[in-house]
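*Asks:* One-letter residues, chain by chain:
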Amino acid sequence: MTQWSDYDVMVIGGGHAGIEAASAAARMGRATLLLTQSLDTLGALSCNPAIGGIGKGHLVREIDALGGLMGTIADAAAIQGRLLNRRKGPAVRATRIQADRLTYRSVTHTAIFGQPNLQLFQDEAEALRVENGACRGVITRGGRVLRGKTVILTAGTFLAGRVHIGEKSYPAGRASDPAAARLAEHIRDLGLNMGRLKTGTPPRLDARTVQFDRLEAQKGESPLPRFGRFRPAPPPLRQVACHIAHTNPKTHEIIRDGIPCSPMYTGAIEGPGPRYCPSIEDKVVRFAHRDAHQIFLEPEGLDSMEIYPNGISTSLPLDVQIRAVQSIAGLEEARITRPGYAIEYDFLDPRSLHPWLEVRAVPGLFMAGQVNGTTGYEEAAAQGLIAGVNAALRCAESEPWYPMRHEAYTGVMLDDLVTTGLTEPYRMFTSRAEHRLGLREDNADLRLTPTARTLGLIDESRWAAFESFREDLEAERAYIHATRIYPNALSETEEDALGGTLRSPQSIAELMRRPSLGYRELVAIAGDDRRPPESVIEQLEVEARYAGYLERERAEAGRLRRYADVVIPQECDYEAIDGLSNEVRQRLIQQRPHTVGQASRLPGVTPAAVSLLLVHLRRRGWLRFPRTQEGEPG
Amino acid sequence: MAVVRLSGPNTQGIAGAIAGRLPVPRYAALRTFRDADGAAIDRGLLLYFPAPNSYTGDDTVEFHCHGGPAVVEALLRHLVQVGARGAEPGEFTQRAYLNGRLDLSQAEAVAALIEAETGAAAAAALRSLDGEFGQAVDAVADWVAAVRVELEAGLDFSDEEAVEGLGGGELRGRILGIVEHLEEIHRRAALGVQVGRTGDLTIVGAPNMGKSSLMNALCGRDAAIVHAAAGTTRDVVTEPIRFGGRSVRLVDTAGLRSGEGVGDVEVEGVRRARRAAAGALHVMLAVEDGQRLDEAAESVIRKVGVERMTLVRTKTDLGGGATGLRDSKLVGLTEVAVSAKTGEGLEALIARLEEVGGGASGEDAWAAKERHLAALDRAKAALYRACRAVEGGEEMVAEDLREAQDQLGEITGRVTTEELLGRIFSSFCIGK
Chain D
400 MTQWSDYDVM VIGGGHAGIE AASAAARMGR ATLLLTQSLD TLGALSCNPA
450 IGGIGKGHLV REIDALGGLM GTIADAAAIQ GRLLNRRKGP AVRATRIQAD
500 RLTYRSVTHT AIFGQPNLQL FQDEAEALRV ENGACRGVIT RGGRVLRGKT
550 VILTAGTFLA GRVHIGEKSY PAGRASDPAA ARLAEHIRDL GLNMGRLKTG
600 TPPRLDARTV QFDRLEAQKG ESPLPRFGRF RPAPPPLRQV ACHIAHTNPK
650 THEIIRDGIP CSPMYTGAIE GPGPRYCPSI EDKVVRFAHR DAHQIFLEPE
700 GLDSMEIYPN GISTSLPLDV QIRAVQSIAG LEEARITRPG YAIEYDFLDP
750 RSLHPWLEVR AVPGLFMAGQ VNGTTGYEEA AAQGLIAGVN AALRCAESEP
800 WYPMRHEAYT GVMLDDLVTT GLTEPYRMFT SRAEHRLGLR EDNADLRLTP
850 TARTLGLIDE SRWAAFESFR EDLEAERAYI HATRIYPNAL SETEEDALGG
900 TLRSPQSIAE LMRRPSLGYR ELVAIAGDDR RPPESVIEQL EVEARYAGYL
950 ERERAEAGRL RRYADVVIPQ ECDYEAIDGL SNEVRQRLIQ QRPHTVGQAS
1000 RLPGVTPAAV SLLLVHLRRR GWLRFPRTQE GEPG
Chain V
231 MAVVRLSGPN TQGIAGAIAG RLPVPRYAAL RTFRDADGAA IDRGLLLYFP
281 APNSYTGDDT VEFHCHGGPA VVEALLRHLV QVGARGAEPG EFTQRAYLNG
331 RLDLSQAEAV AALIEAETGA AAAAALRSLD GEFGQAVDAV ADWVAAVRVE
381 LEAGLDFSDE EAVEGLGGGE LRGRILGIVE HLEEIHRRAA LGVQVGRTGD
431 LTIVGAPNMG KSSLMNALCG RDAAIVHAAA GTTRDVVTEP IRFGGRSVRL
481 VDTAGLRSGE GVGDVEVEGV RRARRAAAGA LHVMLAVEDG QRLDEAAESV
531 IRKVGVERMT LVRTKTDLGG GATGLRDSKL VGLTEVAVSA KTGEGLEALI
581 ARLEEVGGGA SGEDAWAAKE RHLAALDRAK AALYRACRAV EGGEEMVAED
631 LREAQDQLGE ITGRVTTEEL LGRIFSSFCI GK
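As they're listed, the protein sequences go chains D and V.
Numbered by this note's numbering, the letters in the first sequence go through residues 400 to 1033 in order.
Numbered by this note's numbering, the letters in the second sequence go through residues 231 to 662 in order.
Among the hints, erroneous ones may be present.
[Said to hold, decoys possible] EDC-like cross-link-like pairs, simulated, lysine to aspartate or glutamate; straight-line CA separation at most 20 Å:
no.: 1; chain 1: V; residue 1: K610; chain 2: V; residue 2: E410
no.: 2; chain 1: D; residue 1: K618; chain 2: D; residue 2: D690
no.: 3; chain 1: D; residue 1: K487; chain 2: V; residue 2: D389
no.: 4; chain 1: V; residue 1: K610; chain 2: D; residue 2: E952
no.: 5; chain 1: D; residue 1: K487; chain 2: V; residue 2: D368
no.: 6; chain 1: D; residue 1: K567; chain 2: D; residue 2: D690
no.: 7; chain 1: V; residue 1: K610; chain 2: V; residue 2: E321
no.: 8; chain 1: V; residue 1: K610; chain 2: V; residue 2: E394
no.: 9; chain 1: D; residue 1: K487; chain 2: V; residue 2: E414
no.: 10; chain 1: D; residue 1: K487; chain 2: V; residue 2: E321
no.: 11; chain 1: V; residue 1: K599; chain 2: V; residue 2: D636
no.: 12; chain 1: D; residue 1: K618; chain 2: V; residue 2: E391
no.: 13; chain 1: D; residue 1: K487; chain 2: V; residue 2: E400
no.: 14; chain 1: V; residue 1: K599; chain 2: V; residue 2: D368
no.: 15; chain 1: D; residue 1: K487; chain 2: V; residue 2: E394
no.: 16; chain 1: D; residue 1: K548; chain 2: D; residue 2: D405
no.: 17; chain 1: D; residue 1: K618; chain 2: V; residue 2: D368
no.: 18; chain 1: D; residue 1: K548; chain 2: D; residue 2: E798
no.: 19; chain 1: V; residue 1: K533; chain 2: V; residue 2: E565
no.: 20; chain 1: V; residue 1: K599; chain 2: V; residue 2: E413
no.: 21; chain 1: V; residue 1: K610; chain 2: V; residue 2: D389
no.: 22; chain 1: D; residue 1: K567; chain 2: D; residue 2: D656
no.: 23; chain 1: D; residue 1: K548; chain 2: D; residue 2: E796
no.: 24; chain 1: V; residue 1: K599; chain 2: V; residue 2: E585
no.: 25; chain 1: D; residue 1: K487; chain 2: D; residue 2: E833
no.: 26; chain 1: V; residue 1: K610; chain 2: V; residue 2: D368
no.: 27; chain 1: D; residue 1: K618; chain 2: V; residue 2: D389
no.: 28; chain 1: V; residue 1: K599; chain 2: V; residue 2: E321
no.: 29; chain 1: D; residue 1: K487; chain 2: D; residue 2: D656
no.: 30; chain 1: D; residue 1: K649; chain 2: D; residue 2: E620
No lab work stands behind these hints: they were computed from the structure.
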């Protein structure tokens, strides 16, 4: 690969979506270019210095299972980690780590610069090169034309980004980085359906001015939880604590007094912000009865002199920010190093996308990350990976691939985005996943790694380690299903352990469903001596816990999927369907859902409309049932 | 009077062609309805309901004309000439549903009203049309959602200080409270399904026990062939009758007998009789007064169950005198003695039949469909599972509650994750 030749895949943007997209396409053997305004900010954690969390940790595990970068980098940069929901079931347990910003960035640089097939270039994209309706390259500042078969745009908040602090505002993509104004204009000119969203970030504090000894400390867990599996752990960094502070009625009074100057309330910001990540002024207004809100003081890094006060995102004027912060116990002396701000930016209505993130109206153009209306590093990274994979598949003239709702949180997100669209920045929650008990951090590899291997995303050594785990697991699964425990062979103590007499012989697998019984106890009762790896035992016990649910879900899913996976031909003539309301008809024509399942999830599409659609498909001879899938991961 | 209703996007043009200027919306005005040549068809009232404030949600016009078939026919013919077409059965309701004027359960209640044959079923259909059934199901779905809001907030936002989560005892208590309401809804819906269903009153018994005579006496004319030779009724004979405001079918069957001298036709008849008895609303077992029950009769009693059966002692005019209602030796089996010939005991039998099936009043019934009952059953099952899962873990309870809500949503057609999230975000201050 030489400089300036035709590229297969060109990625615009070096954030979490961009680096996953570029590295996935490159790993799949495609000549890939990563084009960014600033190579120095590759892998920057623009908002809080943490990766994972409930729902988000699930995404990181999926990215990792698909051979992506985020889990590896986060593991290497972790300076504190916890498994959230430890006291709740394994399906909702999630890993979250605090990252050292500098390490995160340097590990990202190493991974990206060390990736074969991937070239990097620093320049600003100003326009896309569209030929015969298809995207064929990028035009950078000064009119330089870069040719490529596909383009992945991961512009984050940079498209027409505008930062607001109090009554002041200026164009910027992030803090003081320049916004991509020309590109935003060009994208709007392409006729794509763009909208405005808003998000915010808190002020940063000078760590030396915070009185930590007066605040409650929250330490991480030991051993440090990890995202990555099937490869050696990175050298651990020194572990640090977070601290917890609280706002008080005085703080709230200062904020209330400042609200007339808040751009959210003066009307200066039009785009809606996320309800789950409200600014402190929103919290004070909407939850007026609460006289305290929690703030997590997160260290920005091991050697950093800055603190990220998670919980007081704000766009109030700087002087109000200073007074509000200094009204908080432990922060009386605190100095702000960077002001909090709100940022408004252009996003693409994700309903304009195919589920594999290609823009419907512009073949060859993919979009991923915050530009599609999501929020969060993890959501962006997962989309980047999917876009990278599919741009690479497109170059190979292969069918697109993307996970379904029952296969991955990533699939839930893609389906939600392209089907329902959004009214606020989209963030992952486990409650979005109707197959939550089957979509766990612990089985992400089992769910996705085999597909990733087929796609060419998983290297030999990783695959060998995974295969060895899977073989052990399958051997033990076979053993617990085949081995029975007989009532008459039980001693009294064994009966006690089983919680009562057995009526008939039962397999270890069946008995493991009882909450009190583990693999080890049952193997001992069966009189066997087996020592599979700890990870295999854990997996079997989680599977046993949910076996009843997953079996029922599988039966139900089979019934529903019979229709849900029925493919609607793209030439489907919705105009010809009798009885559809105009609104539903327009939505179907606009969206052109790929399956009946997608059609049924469109807003306004009622069960009656779905049955009309099915009748139409049958009448046209288009009603083809896909083959039923067997052996889904448990 | 007859009312002809016209609805759809071209209503204004078509109605204008027939009746001239349209009146002020929702006010009746006197108009002459004319055909294409300007000849008067009729003079009547015209009402105009512009979209979206009409039953269907589209522009709608009502022609109130004089009820003679010739007038109505002429009006319909000319409506078609100027561009209208006859509605499919239920099409107005379908359009109302598709235009968001009715929810699914209301739309189905209208369908039930159209199909309703009996007064009780019609009343049940009307109550559902008001949305009572849909509202009751919605209310329960809403309580499920309220529990889910707290549970899901506890799962997705457990690291937030504002979220406290639910204790096991409270969780179980709230779910059981919901189940109680659901049981009541289920009872009233099941009643509606039962009222809406036309039941069979089936007569079974050994050959020549006077079953056909009994049937003829009950429906007052010769429906079944009666002959002294055993085995005359070789097939199932049915006759629709009305009991206490609902229509039922009276079913006469071939005698139950096995053994020598019975041809294949009768064997088949016996098979059908057993089957008819198995699916009947109520079964009358005819036995000649003074005779013992044979094996075949006893097997039918066991199969059908005493609460769904009346033992009819027939031909009381031949033997001892009629004794009226008395308890049989078989525990719980009700006995009535009847003479089809003299009519003795018939009134007691009719009273018994009205009591056991014909007269089910269905006063508080809701017009529900089998589909609704199935969804309610699945919702109930999911809620009971949720109670059991409280020991196991919140994420499993949450799964069962999601299913319960989805099942309830199959009746009223409204459930989204976005709504659930919206409730979480407005209930709890979330977001660090």
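*Asks:* So, for every hint listed, does it hold in this structure?
*Replies:* Checked hints:
In summary, the hint linking K610/V to E410/V is supported, as the alpha carbons are separated by about 9 Å, within the 20 Å threshold. Proposed proximity of K618/D and D690/D is contradicted: the alpha carbons are some 26 Å apart, above 20 Å. For the hint pairing K487/D with D389/V, the CA-to-CA distance comes to about 12 Å; that is within 20 Å, so the pair holds. Proximity of K610/V to E952/D is assessed by CA-CA distance (about 17 Å); at most 20 Å being required, the pair is judged to hold.
As the CA atoms of K487/D and D368/V are separated by approximately 30 Å, the hinted pair breaks the 20 Å bound. The suggested pairing of K567/D with D690/D is violated, with an alpha-carbon distance near 29 Å, which exceeds 20 Å. For the proposed pair K610/V and E321/V, the alpha carbon gap of about 33 Å is over 20 Å, so the pair is violated. The hinted pair formed by K610/V and E394/V fails the criterion: a straight-line CA distance of about 27 Å is larger than 20 Å.
Proposed proximity of K487/D and E414/V is contradicted: the alpha carbons are some 34 Å apart, above 20 Å. For the suggested pair K487/D and E321/V, the alpha carbons sit about 51 Å apart, so the restraint of at most 20 Å is broken. Using a Cα cut-off of 20 Å, the hinted pair K599/V and D636/V holds, with the two alpha carbons roughly 17 Å apart. Of the supplied pair hints, the one linking K618/D and E391/V holds, its CA atoms being roughly 17 Å apart against a limit of 20 Å.
Of the pairs offered as hints, the one joining K487/D and E400/V holds, with about 17 Å between alpha carbons and a cut-off of 20 Å not exceeded. For the hint pairing K599/V with D368/V, the CA-to-CA distance comes to about 17 Å; that is within 20 Å, so the pair holds. Of the pairs offered as hints, the one joining K487/D and E394/V holds, with about 14 Å between alpha carbons and a cut-off of 20 Å not exceeded. Restraint check for K548/D and D405/D: satisfied, since their Cα atoms lie roughly 8 Å apart, inside the 20 Å limit.
Restraint check for K618/D and D368/V: the C-alpha separation of about 45 Å exceeds 20 Å, so the hint is violated. Only pairs whose Cα atoms come within 20 Å are accepted, and K548/D paired with E798/D is accepted, the gap being roughly 16 Å. A C-alpha spacing of about 18 Å is found between K533/V and E565/V, which places the hinted pair at or below 20 Å, so the restraint holds. A threshold of 20 Å between alpha carbons decides the hint, and for K599/V with E413/V the separation of about 16 Å falls inside it, so the pair holds.
Taken as a hint, the K610/V and D389/V pair is broken in the structure, with Cα atoms around 32 Å apart against an allowance of 20 Å. Proximity of K567/D to D656/D is assessed by CA-CA distance (about 18 Å); at most 20 Å being required, the pair is judged to hold. Annotation: proposed proximity of K548/D to E796/D holds, straight-line Cα distance about 11 Å (limit 20 Å). A distance of roughly 24 Å separates the Cα atoms of K599/V and E585/V; the hinted pair therefore is violated under the 20 Å criterion.
Taking the CA atoms of K487/D and E833/D, the gap is about 18 Å. The hint holds against a cut of 20 Å. For the given pair, K610/V sits about 15 Å from D368/V by alpha-carbon distance, which is consistent with the 20 Å threshold. The hinted pair formed by K618/D and D389/V meets the criterion: a straight-line CA distance of about 14 Å does not exceed 20 Å. Proposed proximity of K599/V and E321/V is supported: the alpha carbons are some 19 Å apart, at most 20 Å.
Taking the CA atoms of K487/D and D656/D, the gap is near 41 Å; set against the 20 Å cutoff, the hint is violated. Simply put, K649/D and E620/D have alpha-carbon atoms about 34 Å apart, too far for the 20 Å limit, and the pair is violated.
Violated hints, listed in ascending order, are 2, 5, 6, 7, 8, 9, 10, 17, 21, 24, 29 and 30; each of the other numbered hints is respected by the structure.
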